[in-house]
Amino acid sequence: MYETNKGDYIMALEGVYTKEFVYEEFKKLKTNKEKVKYLIDLKQLKIDHPKIFSMKITLKQIENLIREWNSPEPFAKINAELAEREEKEKQLEKEMRGD
Numbered sequence: 000m001y002e003t004n005k006g007d008y009i010m011a012l013e014g015v016y017t018k019e020f021v022y023e024e025f026k027k028l029k030t031n032k033e034k035v036k037y038l039i040d041l042k043q044l045k046i047d048h049p050k051i052f053s054m055k056i057t058l059k060q061i062e063n064l065i066r067e068w069n070s071p072e073p074f075a076k077i078n079a080e081l082a083e084r085e086e087k088e089k090q091l092e093k094e095m096r097g098d
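Residue numbers (numbering that gives the first Met the number 0): 0 to 98.
Calculated from the structure, these hints are not laboratory results. Remember, it's a predicted structure, so these values are computed and weren't measured experimentally. Note that beta-carbon positions come from the ideal geometry of N, C-alpha and C, so glycine has one too. Check the hints yourself; a few may be wrong.
To be verified - Simulated DEER-style distance windows between Cβ atoms:
#, residue 1, residue 2, range
1, Lys-50, Glu-88, 40 to 48 Å
2, Glu-85, Asn-31, 19 to 27 Å
3, Arg-96, Ile-46, 46 to 54 Å
4, Leu-81, Glu-19, 20 to 28 Å
5, Lys-32, Arg-96, 44 to 52 Å
6, Lys-27, Lys-93, 38 to 46 Å
7, Lys-87, Thr-30, 33 to 41 Å
8, Arg-84, Ile-56, 19 to 27 Å
Sequences and hints are given; from them, build the entire structure.
Below you can see the structure in the form of structure tokens.
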């Protein structure tokens with residue numbers, strides 16, 4: 000155990016937060032509000048104790064997830080952009096084949 004700058008004692012838990020662990024915990028959450036709170040807590044934990052994360056995730060990536068899950072329809076814009084791009088690729092493929 001060691002003392003943090005806030006006077007808290009935590010065990011030396013380097014690499015405890017794996018991608019699989021975070022995914023499993025996230026899947027348990029039911030509402031978007033719970034997911035946003037989890038991500039905010041995860042971000043603060045990453046700031047305070049970066050060594051306990053074995054996965055490579057940046058604060059910016061966590062902030063982007065918070066923004067998306069906080070929106071009325073999470074990932075709606077991204078999904079629409081993906082669908083549009085896939086449709087354009089299909090059209091281009093048809094033109095290349097001569098259909």
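**Item:** Index of numbered hints that the structure contradicts, given in increasing order
**Value:** none
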